[in-house]
Structures are given as C-alpha cells and as structure tokens.
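Protein sequences, first through last, are from chains S and H.
Heads up: the first sequence begins at 18 in the numbering used here, then just goes up one per residue.
Heads up: the second sequence begins at 18 in the numbering used here, then just goes up one per residue.
If you are wondering where the hints come from, they were derived from the structure by calculation, not from laboratory data.
Please note that a few of the clues may not be correct.
It does not matter which identical chain is used: a pair holds within one copy or between any two.
Unchecked claim - Each computed DSSO-like pair below joins lysine-lysine, with the alpha-carbon atoms no more than 27 Å apart:
id: 1; residue 1: LYS214; residue 2: LYS43
id: 2; residue 1: LYS319; residue 2: LYS214
id: 3; residue 1: LYS31; residue 2: LYS79
id: 4; residue 1: LYS79; residue 2: LYS214
id: 5; residue 1: LYS79; residue 2: LYS184
id: 6; residue 1: LYS184; residue 2: LYS31
id: 7; residue 1: LYS43; residue 2: LYS79
Predicted, not measured: the structure shown is a model, and the values here were computed from it.
Listed below are the residues making up each chain.
There are 2 protein chains.
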Amino acid sequence: MSTPWAHRFAQRTKAVKSSTIRELLKLTQRPEVISFAGGLPAPEVFPVERFEDACHRVLGAKGGMALQYSASEGYTPLREYLAQRMARYGIIAGVDNVLITSGSQQALDLIGKLLINPGDRILVEAPTYLGALQAFNVYGAEYVSVPIDHDGLRTDQLDQALRSGPKFMYILPNFQNPGGVTLCEPRRHELVLLADKYGIPIIEDDPYGQLRYEGEHLPPLLVLDRENLRRDDGKLGNVLYLSTFSKTLAPGIRLGWIVAPPDVISKLVQLKQGADLHSSTFDQMVAYEVVHEGFLDEHVKKIRAVYRERRDVMLAALAEYFPPEVTWTHPEGGLFLWVALPEGMDMQHLFQAALRENVAFVPGDCFYPGGDEGSRHMRLNFSHSNPQQIREGIRRLGLAVARELAAHQTGVLVGVER
Amino acid sequence: MSTPWAHRFAQRTKAVKSSTIRELLKLTQRPEVISFAGGLPAPEVFPVERFEDACHRVLGAKGGMALQYSASEGYTPLREYLAQRMARYGIIAGVDNVLITSGSQQALDLIGKLLINPGDRILVEAPTYLGALQAFNVYGAEYVSVPIDHDGLRTDQLDQALRSGPKFMYILPNFQNPGGVTLCEPRRHELVLLADKYGIPIIEDDPYGQLRYEGEHLPPLLVLDRENLRRDDGKLGNVLYLSTFSKTLAPGIRLGWIVAPPDVISKLVQLKQGADLHSSTFDQMVAYEVVHEGFLDEHVKKIRAVYRERRDVMLAALAEYFPPEVTWTHPEGGLFLWVALPEGMDMQHLFQAALRENVAFVPGDCFYPGGDEGSRHMRLNFSHSNPQQIREGIRRLGLAVARELAAHQTGVLVGVER
Numbered sequence: 018m019s020t021p022w023a024h025r026f027a028q029r030t031k032a033v034k035s036s037t038i039r040e041l042l043k044l045t046q047r048p049e050v051i052s053f054a055g056g057l058p059a060p061e062v063f064p065v066e067r068f069e070d071a072c073h074r075v076l077g078a079k080g081g082m083a084l085q086y087s088a089s090e091g092y093t094p095l096r097e098y099l100a101q102r103m104a105r106y107g108i109i110a111g112v113d114n115v116l117i118t119s120g121s122q123q124a125l126d127l128i129g130k131l132l133i134n135p136g137d138r139i140l141v142e143a144p145t146y147l148g149a150l151q152a153f154n155v156y157g158a159e160y161v162s163v164p165i166d167h168d169g170l171r172t173d174q175l176d177q178a179l180r181s182g183p184k185f186m187y188i189l190p191n192f193q194n195p196g197g198v199t200l201c202e203p204r205r206h207e208l209v210l211l212a213d214k215y216g217i218p219i220i221e222d223d224p225y226g227q228l229r230y231e232g233e234h235l236p237p238l239l240v241l242d243r244e245n246l247r248r249d250d251g252k253l254g255n256v257l258y259l260s261t262f263s264k265t266l267a268p269g270i271r272l273g274w275i276v277a278p279p280d281v282i283s284k285l286v287q288l289k290q291g292a293d294l295h296s297s298t299f300d301q302m303v304a305y306e307v308v309h310e311g312f313l314d315e316h317v318k319k320i321r322a323v324y325r326e327r328r329d330v331m332l333a334a335l336a337e338y339f340p341p342e343v344t345w346t347h348p349e350g351g352l353f354l355w356v357a358l359p360e361g362m363d364m365q366h367l368f369q370a371a372l373r374e375n376v377a378f379v380p381g382d383c384f385y386p387g388g389d390e391g392s393r394h395m396r397l398n399f400s401h402s403n404p405q406q407i408r409e410g411i412r413r414l415g416l417a418v419a420r421e422l423a424a425h426q427t428g429v430l431v432g433v434e435r
Numbered sequence: 018m019s020t021p022w023a024h025r026f027a028q029r030t031k032a033v034k035s036s037t038i039r040e041l042l043k044l045t046q047r048p049e050v051i052s053f054a055g056g057l058p059a060p061e062v063f064p065v066e067r068f069e070d071a072c073h074r075v076l077g078a079k080g081g082m083a084l085q086y087s088a089s090e091g092y093t094p095l096r097e098y099l100a101q102r103m104a105r106y107g108i109i110a111g112v113d114n115v116l117i118t119s120g121s122q123q124a125l126d127l128i129g130k131l132l133i134n135p136g137d138r139i140l141v142e143a144p145t146y147l148g149a150l151q152a153f154n155v156y157g158a159e160y161v162s163v164p165i166d167h168d169g170l171r172t173d174q175l176d177q178a179l180r181s182g183p184k185f186m187y188i189l190p191n192f193q194n195p196g197g198v199t200l201c202e203p204r205r206h207e208l209v210l211l212a213d214k215y216g217i218p219i220i221e222d223d224p225y226g227q228l229r230y231e232g233e234h235l236p237p238l239l240v241l242d243r244e245n246l247r248r249d250d251g252k253l254g255n256v257l258y259l260s261t262f263s264k265t266l267a268p269g270i271r272l273g274w275i276v277a278p279p280d281v282i283s284k285l286v287q288l289k290q291g292a293d294l295h296s297s298t299f300d301q302m303v304a305y306e307v308v309h310e311g312f313l314d315e316h317v318k319k320i321r322a323v324y325r326e327r328r329d330v331m332l333a334a335l336a337e338y339f340p341p342e343v344t345w346t347h348p349e350g351g352l353f354l355w356v357a358l359p360e361g362m363d364m365q366h367l368f369q370a371a372l373r374e375n376v377a378f379v380p381g382d383c384f385y386p387g388g389d390e391g392s393r394h395m396r397l398n399f400s401h402s403n404p405q406q407i408r409e410g411i412r413r414l415g416l417a418v419a420r421e422l423a424a425h426q427t428g429v430l431v432g433v434e435r
C-alpha cells in the first residue's frame, strides 16, 4: 500500500544531473592533498578584524534593522556604494541599476530563470565557467560554443555562431575561468558590434576584473557598448554586467550584484523575491560597513600582491617541473591557469594518478557544455595554496604528468585503472 | 540600427507577473501608518547582544572559515543541531536529512524547481501563503485549491481534489498564513492517509510551529505519516518538512531548512549549488553559535509571551471597535489573523480608505491562486506593532470598516475612487 517517498520521488522529480566536479572535489579533501582544484580565495587575506569591527558597529547602532527582513533589491547604501565605485571603470549606473544577489551564482540563476525557455541556445566560450552551465542547464538551455585562444573569445568565429540565433551570449572577458585568458581590446569592440548587429544581448560576468597583476585595465563590454553605439541617453544598452565581493572581500557572505536597465532590474527583483526574498540583511550591512570608507582599494592592493606572487611561483614551477610538450596560459590576473597536454592524454587517468601523488586539479572536460572537448586540459588554481605548497604540488603533478606522458608515448600502460 | 536593450529585452524575457502585495506594501511605508500588512517579527525581541557575542567568537576563533566558501548542504554542526532539536517533535532525522536553505523561501523555490513542470497542478489551501504561489508560479504551476475553516484544511473535500492528480500538496498545518488556523489532529490523520492512498507527496511548511500561545502542540504530518503507515525502517516517508529561523531568531540572516530523505536532499543540493552555491557561511556559523547552548528555548519563551499579549490586545480591540457583522479567526499561535467582512464589500476600496486613516492591512485576494476569491477578507499581522499601536490601529481600521459597511448597506458611495 505505502509507496516510499524515495520511489515515488524518482517518478516525480525532474532529472538532475549530478555534478562531476562536486564528486571530484570530495576526493581532494584529504589534508595531505595539495589541491589546485577549487577556486577558493586565500583565507589568510580575509579582513577578519575589520569584519569584527563592522559587526560590532552594525549590531550596536542598527541591530533591529540588521536582523530584520529587508528589500529584495538590496541594502540601499550598498547599492549606492557599488554604483559609485563602478563609475571608475566608466560604468555609469544609478542605484536603480543595481540588484544585490546572493553571490554571482544567484545572478546567473535569476538570468536563466528570466531568459531561458527549454531548448533556447546560449552562446558560451569554450571552455567556460562550470557554474554558469549548472545554472542555465536547469532551465533547459542548449549551447553554441565559440573557442577561446590567448586573446580570449575567437571573435573571427562569432559571426557564424550568432547566425544560429542564440538567446544571449555569456562572456567572461577578464582572466577567464577556466582559461585564465583576457579578451583583448580590439575583440571587445568586435564583440559588442556583432551583438548589436544581430540583436543578441551579452551577459558580462566579471568576478575577477579587479585582480589584475600586470598590464592595463581594459574597458568593460558594458562601457564599449554604450560608447560604440552612442547610447548616450543615459540608459544602459545591450550588456548586462555581473560582479561579486567573493574574490575581493569574502565569498562566505554570498554577495554579488547585477547592473542592468531599471526595467530589467525590476523583473529580476520579482524573481529574486520568489527565490529567497532578499540576501542576508546582516551580511549586506556588514559588508557596507567594511568597504565604504575606501577600505576596498587598499585591501585589493594587498590581495593582488599575494596572488601575483603565487601566480609567478606557479608559472616558474611549471617551467621547471613540467615536460616540454605541455603548454599553459599566462594569466594577467584572476585565480586560474589552463594547462594543455598533448593530444590523446587520458585526463581522468591523470587525475587518479595525481591523487595518488596527493595533488589535485580539475580535468578540463568539466568546462565544456558538451563535456568531452577539453579532455586534454587541466585547470589549476593558484590563489589558495601558499608558495611553498604551490612549488611542491607542481613538482608532484609534473612527475605524474611525465609518467603518464611516457606511458602514452611508449604505449606502455601504467596504473591500475586503465 | 541599435535596438535598446529595454526593447530587445521585452521581446526576450518571460512574462513576470508583478506582485500586488509588493506594490501595496510600498504604500504602507509612511511612518505615520500603523501597518498590519507585513509579516515582520518584532525587532525589539531580536537577541542583538547575543548575536554580537557570537560574531566575536566566530570571527575570533574561525574567521578564515566563516568568510570562506562552504558546502552547499550547509554548516554541519548547524545541520546536526537541527536534526537533534527536531527529535523533540518526534521528527527522527540525521544530518543527511537536513539541507540548509536561504530562508524557507528558497526551500519553496528549490522544491518548485525539482518537482514542477509547466502545467502541473499543485494542491494548496485556499487561502495560502503568497510566497509559495510566487515560487511555484515561475515554474508554470497550476493549482487545485481546497478551502480551510476554523480547523484548517477541509479534508472532507480532499478526496475529490486529489482525484485531479496534483503533483504534490502544499500545506501549512500550524497557525496558517494568512488564515491563522491550525489543522486539527483528526484531519492530520485523514490527510496523511489520503496522501498515501493517492500517492501524492505533502510539502509541510512549518515556519510558526514553535510560536504556540495556547493549547497543545500537535504532531507534524511528517511524524503521523511515519506512524500511521509504519514506515519504521528509519526512512522518512511521504512528507517533506520545511522550517526556518526567521520567526524564532531573526529573518535578516535568511536561514531555513528542509527535512527529506537523503536521495531527495542530494538532488536539492545539486539545485542549491546552481542557485546560490551555499547559504552564507558566516550567518550559519553565527546562528549556530547563538542557538547551540540551549538559548533558543529560553528565547522562544520570551517571543511567545510578547506575541501572545499582542494577539490578545488585537482580539480585544477587534471586539471593541469592529461592527458586529465582521468575524475573525482566533489563532492559537503564529503572526496573523484573518478577518471576514460581509459579502459584497470592496476590499481594494477599503484598503484605500484605511490608508487615509493611516492604517494598513493586506486584502485577502492576494492569497488565492485565482486572485479574487478572497475579496471580502483581510489579513492582519499582530507581531510587529506594539500593544498601544495595535489598539489605535484597530480603532482606526474599525472606523474605516464601519464607514464602508454603512455605505455598502445604504448604497451611498463614499470616498473618491469608487
């Protein structure tokens, strides 16, 4: 008579694809593993004492407000602060253009919810951010992908891809995750012009933009769109811009934001209300208290110095320990670099071999909507491990790579799983 | 050449229904308005100092962890605490049965995302919680509704409603929002037996269960389902249970939870990962620090005393100031009572008339999936205003009601909008 829920449930729920990277990351949790797999900031740069002061001030002066329900749009002083701060990058936004989200991940979810009908094609870079694919997949997205090279999206292939009529483009112009590459300025112009020509909106995801370790800051697509197309009526144009405090302040408080025209914001606000009512009032007020007196600039400088060193240590270690057949990107900022191994390498096998050496990475196939195109790549994170761990981890990984490569080249099988 | 995003956007986004209550609530923000419209806890009962201590302890001892990314499932000690705490209500759950969500609202969104395909019918009480309708509407839900009376859901009408094959039932058994009524024990048994007979899962939403001001605690549907149907294999059965810290601790930190079988939890975790990665690590650790040493029991006692008094003041004021044709529910707990006016009253008109008297409520039609069935009801919140404000607000509202009623009965038009 009684069908257990577990069984009933299986008949009733939609298919939810289990996340490969989630399963992989579990394997990398052992303390002896040096993991380049996650995308975590270094906890030693979190401004813990400043957070403590801010909590004290917020709860002391406005405790009743900080613990109460608040507006779905976000805490107004924080939205004003963000609008002002973005002006330095040429982004002209008022408070009505800013929606606070529960991390950038929620921005992606709300955008998917608003724009994607089952079967809609989304144009993405190949490879692209896994979390965006996860967010969009739920709404039945399909994909058109355009490859990247060392200057970012291959805009020479864009015109043809746009003819297939994607609903929107999802682009990470700065220090792309996972590729580590930056879209060069001429291609930024091409991209916004083509987007306009075909009438395809761009979602510009910029979590890492402030973490630049060399070279000049490049203008956001949002700004180029307005400048190129003379959208100087004060309205935002064809680009929706996302960013976050996760990489500059702290990811644990889950605060990101969307910049969009007010009529887009008001639809997103409705969806946010249905999704979680609002982001934590307390975290928003504390974050505002932490950043609002110019602290973020000085803090970002400190983070840049720490991560620049770690990137340089990783690049030097790769040059020292990796076989010459292997190549990698030289990221000008961000958290990741992208390593290309020779054709035919089995990355799942290499992942297992590396784990036996107590070192971990993410196999590249996770970052393609199709799944398997990137099978000879690995993503390495350089922000979380300290310089000593980075050197040692790359040494171990270099050994595993060299061994796999030798086996691959000589046709001799190594390991137990193959 | 350049189509502005605003225009393009209109062609590309899905329809997002604007929320009537959202617009109404904006009108009630003037400081001179006594608002019974929201569903806000009283900020004066928030344990602000204890939060301050907890922030100090969490950041002092584990700052790096509190500000870092964390597991989508939630902070393990908090999940363990909740599993243990729920045992006192007969809910036998382990840590694997508990998912932390960004408020109960996110639980509703994730459930909608997992279960609802466009056109699926959901069985709801009429009236029901507006936020659930908002969460489910996005996924294309349609509704079958069963009325409530003073003993909650009319289970005598349930059998027929279940024959229409709803995907699941959404039920608020304790001090229902907006009705203020509680599902009596015999009907709880009937409900779980009928759910089992038709194989229709129940979503049991219990945000207010601990805020009981009189009478005995009644067993959760989750427990009755297991007991009645001898699901004593240690597995949870046909009921998925939701609750939250919003009404017992603080809503601003956005922490709720779902209790479900592990295989349901694991699918919801995947969806949560795509939705916001995880709820605020910091808020979870602070909440755990606030509650874990038995504080919640003593605090809930205090809240109960404050809200019981406010409920009693409102009931007394209604008896004193409202015309005899008007009736209302007598809630044994929770935050709301539900007022029924005579047939034919225009509630939108009454809402405007009340606002001119500087008092606000929510018109009942917001709480029906169809929209207009409840047009002669109003929802009144008694938790947020203090006793003096409650008496004065009900006096003003009574005046507006009496005037509208007189006009309605004599056919004389009052006001300017009619």
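To see whether the hints hold, each was checked on the structure:
1. LYS214 / LYS43: For LYS214 and LYS43, the Cα distance exceeds 27 Å both inside one copy (45 Å) and across copies (40 Å).
2. LYS319 / LYS214: Answer is neither: 42 Å inside a copy and 63 Å across each miss the 27 Å cutoff.
3. LYS31 / LYS79: neither (43 Å within a copy, 38 Å between copies)
4. LYS79 / LYS214: Classified as neither: same-chain Cα gap 50 Å, cross-chain 52 Å, threshold 27 Å.
5. LYS79 / LYS184: Classified as neither; 44 Å inside a copy, 44 Å across copies.
6. LYS184 / LYS31: Answer is both; intra-copy 23 Å and inter-copy 12 Å each pass.
7. LYS43 / LYS79: This pair counts as between: shortest inter-copy Cα distance 22 Å, intra-copy 40 Å.
Of the numbered hints stated above, those contradicted by the structure are hints 1, 2, 3, 4, 5, listed in ascending order.
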